[in-house]
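> Residue numbers (our numbering): 24 to 837.
Careful, some of the hints might be misleading.
[Stated by the list, open to error] Straight-line alpha carbon distances no greater than 30 Å define the calculated DSSO-like cross-link-like pairs of lysine-lysine that follow: (1) K381 / K370; (2) K381 / K371; (3) K454 / K147; (4) K440 / K167; (5) K381 / K409; (6) K368 / K381; (7) K440 / K729; (8) K167 / K155; (9) K368 / K674; (10) K454 / K480; (11) K454 / K440; (12) K729 / K381; (13) K480 / K167; (14) K147 / K167; (15) K167 / K208; (16) K480 / K558; (17) K674 / K371; (18) K454 / K155; (19) K454 / K558; (20) K409 / K729; (21) K370 / K674; (22) K440 / K381; (23) K409 / K440; (24) K167 / K454.
I should point out that these hints are in silico values taken from the structure, not numbers from a laboratory. These numbers were taken from a predicted model, which means no experiment stands behind them.
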Amino acid sequence: MSMQFPIPGLPSVEAEEPSQKRRRPSRDELLAGLNEPQRQAVVHEGAPLLVVAGAGSGKTRVLTRRIAWLISERGAHPGSILAITFTNKAAAEMRERVEELVGGRARIMWVSTFHSACVRILRKESANLGFKSNFTIYDAADSKRLMTLVCRDLDLDVKRFQPRAILNWVSNAKNELQDHEEAAKDARNTQEETYAEAYRIYQERLRQANALDFDDLLMMTVHLFRAFPEVRENWRRRFRHVLVDEYQDTNHAQYALIHELCADSMEELTTAESGAERVPPAELMVVGDADQSIYAFRGANIRNIMDFEQDFPNAETVLLEQNYRSTQTILTAANSVIGHNEGRKPKKLWSDAGDGAKITGYVGDDERDEARFVAEEIDRLSDEGKARAKDVAVFYRTNAQSRVFEEVFIRVGMPYKVVGGVRFYERREVKDALAYLRTIANPADLVSLRRILNVPKRGIGERAEACIDAYATRERITFWEGLQQADQAPGIATRSLTMIRSFVELIEQLQSMVVAGERVDVILEQTLTRSGYLKELEESDDPQDETRVENLAELVAVAREFAEDPQVGPSADPADEPDPDAPPPGLTDFLERVALVADSDQIPDVPEGEDAPGVVTMMTLHTAKGLEFPIVFLTGLEDGVFPHMRSLGDKPELEEERRLAYVGLTRARERLYISRAIVRSAWGAPAHNPASRFIDELPVDLVDWKRTAAEQTSWTRQDLGGSSYGGGSLTGRGRQQMASRFSSASASADASKKAMAGRDVPSLDPGDRVQHDSFGLGTVISVEGAAEKAVASIDFGSEGVKRLLLRYAPVEKL
DNA sequence: ACTGTTATATTTTTT
DNA sequence: ATATAACAGT
Numbered sequence: 024m025s026m027q028f029p030i031p032g033l034p035s036v037e038a039e040e041p042s043q044k045r046r047r048p049s050r051d052e053l054l055a056g057l058n059e060p061q062r063q064a065v066v067h068e069g070a071p072l073l074v075v076a077g078a079g080s081g082k083t084r085v086l087t088r089r090i091a092w093l094i095s096e097r098g099a100h101p102g103s104i105l106a107i108t109f110t111n112k113a114a115a116e117m118r119e120r121v122e123e124l125v126g127g128r129a130r131i132m133w134v135s136t137f138h139s140a141c142v143r144i145l146r147k148e149s150a151n152l153g154f155k156s157n158f159t160i161y162d163a164a165d166s167k168r169l170m171t172l173v174c175r176d177l178d179l180d181v182k183r184f185q186p187r188a189i190l191n192w193v194s195n196a197k198n199e200l201q202d203h204e205e206a207a208k209d210a211r212n213t214q215e216e217t218y219a220e221a222y223r224i225y226q227e228r229l230r231q232a233n234a235l236d237f238d239d240l241l242m243m244t245v246h247l248f249r250a251f252p253e254v255r256e257n258w259r260r261r262f263r264h265v266l267v268d269e270y271q272d273t274n275h276a277q278y279a280l281i282h283e284l285c286a287d288s289m290e291e292l293t294t295a296e297s298g299a300e301r302v303p304p305a306e307l308m309v310v311g312d313a314d315q316s317i318y319a320f321r322g323a324n325i326r327n328i329m330d331f332e333q334d335f336p337n338a339e340t341v342l343l344e345q346n347y348r349s350t351q352t353i354l355t356a357a358n359s360v361i362g363h364n365e366g367r368k369p370k371k372l373w374s375d376a377g378d379g380a381k382i383t384g385y386v387g388d389d390e391r392d393e394a395r396f397v398a399e400e401i402d403r404l405s406d407e408g409k410a411r412a413k414d415v416a417v418f419y420r421t422n423a424q425s426r427v428f429e430e431v432f433i434r435v436g437m438p439y440k441v442v443g444g445v446r447f448y449e450r451r452e453v454k455d456a457l458a459y460l461r462t463i464a465n466p467a468d469l470v471s472l473r474r475i476l477n478v479p480k481r482g483i484g485e486r487a488e489a490c491i492d493a494y495a496t497r498e499r500i501t502f503w504e505g506l507q508q509a510d511q512a513p514g515i516a517t518r519s520l521t522m523i524r525s526f527v528e529l530i531e532q533l534q535s536m537v538v539a540g541e542r543v544d545v546i547l548e549q550t551l552t553r554s555g556y557l558k559e560l561e562e563s564d565d566p567q568d569e570t571r572v573e574n575l576a577e578l579v580a581v582a583r584e585f586a587e588d589p590q591v592g593p594s595a596d597p598a599d600e601p602d603p604d605a606p607p608p609g610l611t612d613f614l615e616r617v618a619l620v621a622d623s624d625q626i627p628d629v630p631e632g633e634d635a636p637g638v639v640t641m642m643t644l645h646t647a648k649g650l651e652f653p654i655v656f657l658t659g660l661e662d663g664v665f666p667h668m669r670s671l672g673d674k675p676e677l678e679e680e681r682r683l684a685y686v687g688l689t690r691a692r693e694r695l696y697i698s699r700a701i702v703r704s705a706w707g708a709p710a711h712n713p714a715s716r717f718i719d720e721l722p723v724d725l726v727d728w729k730r731t732a733a734e735q736t737s738w739t740r741q742d743l744g745g746s747s748y749g750g751g752s753l754t755g756r757g758r759q760q761m762a763s764r765f766s767s768a769s770a771s772a773d774a775s776k777k778a779m780a781g782r783d784v785p786s787l788d789p790g791d792r793v794q795h796d797s798f799g800l801g802t803v804i805s806v807e808g809a810a811e812k813a814v815a816s817i818d819f820g821s822e823g824v825k826r827l828l829l830r831y832a833p834v835e836k837l
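The task is simple: from the sequences and hints, build the whole structure.
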C-alpha cells in the first residue's frame, strides 16, 4: 500500500541510516504467537480502533507488532507514526522493540509521552505563540514558587489562598483548556474570582519568564492547532498513524489533542477557505482499560475511553481478555475486587497458566512488624530458591510508607531500591544545579534565577534583590536585564553592586560556553566549580552535604552520558532535522530531558538471565502501573491508608482506589502477598486501623492467612513491658510509641486526644455551629472517623461545604 | 547579611 | 516526625 500524501519535512529514511540493515520481517513473523483479537488489532485498517486491553493481555505486544506491521506491510513511513505512551521508559522500550522487528529506520518514529510530543511541537512552532523556542519547563515545585510570588503580589491572605490550592484550580482549568478569561467567566464565587485573577498574573509571569508549566504544554498545543488551522494541517499531514497507550488516563486536553489530529470534525468542512488541502484523519488506535484508570485526581477522564465509540463515529472495538501474566488465583482475586465497582463494562479476564499458589495474608502488630514479615518472607523464598530479590516488588499507597520498609530492610541487609519518592531531580542540590543551567539557557527564567542568585551566599541579599526588582519593574525589563544594569538602579549599596557584577559576569561567561558549543557536562562542571557551589558543600561538615556532592557527581555523569549519546534516552528525537537556529543537541535538550522524567523512568533495567539476586523494588501503586513482577507484596491494606482516608466519603474516589487495588493485584505473576498492620504511626501519632474493605472483597478461600488479627498481642497493661514484642530490644523511642499506642487503642477518645496530639480536637456532632478562621460561621453536616482522624463536613454557607480534618482545621465549637 | 531558633504545615497518588 | 517558613538576634 502506498502513501496517499507526500510528507513534507521528513528526512529520507535511507539517507539517514545508510549502515542500518533495512529489515523486512515476514508476515508470519509479525503475527506469530498472537491470539485472534490481538491479530485483528494488529492488522486493522481504516476506522478508529479501541483496544480494550485487560491487565496482562499483551497490549504492548499488540502496539509494537502493529507499528511494525504498518511500516513493513502497509508501507507507512516511520516518520508518519506517532505513538503516545505513559512514560518515557515505556516509549524507549517500545521504540526498541519495533527496531528489533523492522530495523533502524524505526528510530525516526515519534514515540513519546504526550508532554514530550507537545514540547517538540511547541519548540518548532513557538514563534506562532509568541515565545522563544528555548523556553523553560516548570515542574510542580517551580510552579508553586511562582504562584507564591503571585500571591505576594496580590497581597493575598495565604491562610485563605494557598498557592497549592490555587495551582490545583488553575491546573484543572488548563486541563479543560480554559485560559484565565474563560476561567474567570466560570468563577462561581469571590474566591474563584480571586483564583482567576491569580491565574492571569501567574500566566503573565510565566510568559515573562519564557516558561511553560506541565499543563501549558498540552493546552498550548491544542490552542496552537485551533488558532492556526494551517499549522494543524501540517501536523496532520505528517502523522498518518496515531497510537495511544493508557487511553483511560487521558485528560480533556489530551483528548482534544488527539481529536485535532485524528477526528474528521465538522469544523474541518468549513476550513476549506484557508486554502489548505483537507487532510483526511490519521488512522487512530487507542489502547486502554477503564478498570485501570487511576489518575482522575490529575484530570484524567474515564469518560474518554467509555465514550470512545461515540466520540469517533464508525469506531470499532477489540477486546483482549486472555491474560498471559498471572495465575488464575491472582486473576480471580482481582476480578472479584474490581467487580464491586458499579457501572463498569463487565470483563472476564482468564488465564490458562493454572491456579498457582494461594494468596498469602499477614496481619502485623504494627507497620514495623509488617515490614519484618515481608523481609523474612523474601529471605525464605530466596533460601528455598523460589525467587530472587529482583523478582520481588513491594507496593504501598503513599510514598511515606516506604520508610519503615527501608529501615527494616537496611537492618536485615536486604538489598532494595525505592522508585520515586523524593525524586533525584527534586533534591535541593540537583534543583540548584539545574536552576543554574536554566538561568544560563534562559535568563528570563525568574524562578530559577532568583533561586541561585544568592546560592551559595555571595552577598546579594533581600535588599539588593528588591532594588533590582523595583528597577526592572519600573523600566519594564526582565529581572536579569535589571541585574545587568545594576549600576543604574537606585539605592543599591556599592558592596552589593560589586557582588552583582561578578555574578552577572559568571553567568555571561557560562553562557559564552554554550554559544561556543561546549558540552553539557563540561558546562555543568564549570558552573558548579566557578559558582563556588561545590566548594561550599565540600567544605561543609554537615554529613548530608557529602551525599549532596555525590548526587551532583551523579548529575554530571548523567549530563556526560547525554552529551556523548543524546540518541538514547527518552526525549531524543532523531527525526528532527538539525535546526540551524538552535544550538546543537545541548543545554535546552538536556534540561527538557530532565524536566519530563517520570518516576517509573528511574526503574533500573534488570539484566535478564543474570544470576545476581538483584534488589527488591519498592514503589507506590501508581508507579507500579504497567509493570509486572513474579512476586508482589501489597502492603498497608487498611481502611484509611488504602483506600486512602480522603476517598472514604466519596464514591467515585473510592472506586478509583479500588481500581488502584486492581492494578496492584494484577501486577503479580506467580505469588501475591497481602498485608496490613493493626496499629500504624502516621504524623508521629499512632492510629488503630481497621482492615481494608478490599480485603473483604477477596474470595475467602483464596487467601491463606499466616497470621490474623485474632492472633495479635492483646493490648493489656502487662504487655507493655515488651515481652510479647519479639526480641525485646526496644529503643527508648519505641517504648514511648508503645505507651502512646496504648492510650490510643484503649483509652477514651477524650483522653487520647490530649495525650497524643497535644491539641484540642473538638468533638462535633451534626447540627453543631462552628467558627472557622477563614471560612467563618458554619454548620456541621456530618462527622466521620474519631479522635485525630475525625473528618467533618461543614456547611459554610456562601463558602460552600468543606470537608475538614479536625486535627488540623482551625475550627472552634460554639 | 547571616545564623540559629521556633512555629507551622505536611501526606494521597504524578506528567 | 520532618521540612520548610518566619522570626529574632548577632
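> Given the hinted pair K454 and K440, is their Cα-Cα distance within 30 Å?
Holds: K454 and K440 sit about 22 Å apart, inside 30 Å.
> K674 and K371: Cα distance at most 30 Å?
Holds: K674 and K371 sit about 23 Å apart, inside 30 Å.
> Has the given pair, K480 with K167, been kept, meaning a C-alpha gap of at most 30 Å?
The hint holds at about 23 Å.
> Keeping to a limit of 30 Å between CA atoms, is the pair of K167 and K208 held or broken?
With a Cα-Cα distance of about 24 Å, the restraint between K167 and K208 holds, given a limit of 30 Å.
> Taking only the CA atoms, is the gap from K368 to K674 under or equal to 30 Å?
With Cα atoms ~18 Å apart, K368 and K674 stay inside 30 Å; holds.
> Take a quick look at whether K368 and K381 sit within 30 Å of each other, Cα to Cα.
Holds, because 28 Å separates the two Cα atoms, which is no more than 30 Å.
> Is the Cα-Cα distance between K409 and K729 30 Å or less?
holds, 18 Å
> Please verify whether K454 and K558 have alpha carbons no more than 30 Å apart.
holds, 17 Å
> Is K167 close enough to K155, meaning Cα to Cα at most 30 Å?
Holds: K167 and K155 sit about 23 Å apart, inside 30 Å.
> Given the hint that K381 pairs with K370, test it: the Cα-Cα distance must not exceed 30 Å.
It holds: about 23 Å lies between the C-alpha atoms, which stays within 30 Å.
> Given the proposed pairing of K381 with K371, does the C-alpha separation stay at or below 30 Å?
The given pair, whose Cα atoms are some 20 Å apart, holds under the 30 Å limit.
> Is the hinted pair K480 and K558 satisfied, with a Cα-Cα distance of at most 30 Å?
Given pair K480, K558 holds - Cα atoms ~12 Å apart, limit 30 Å.
Comparing the model with each earlier hint shows no violations; every hint is respected.
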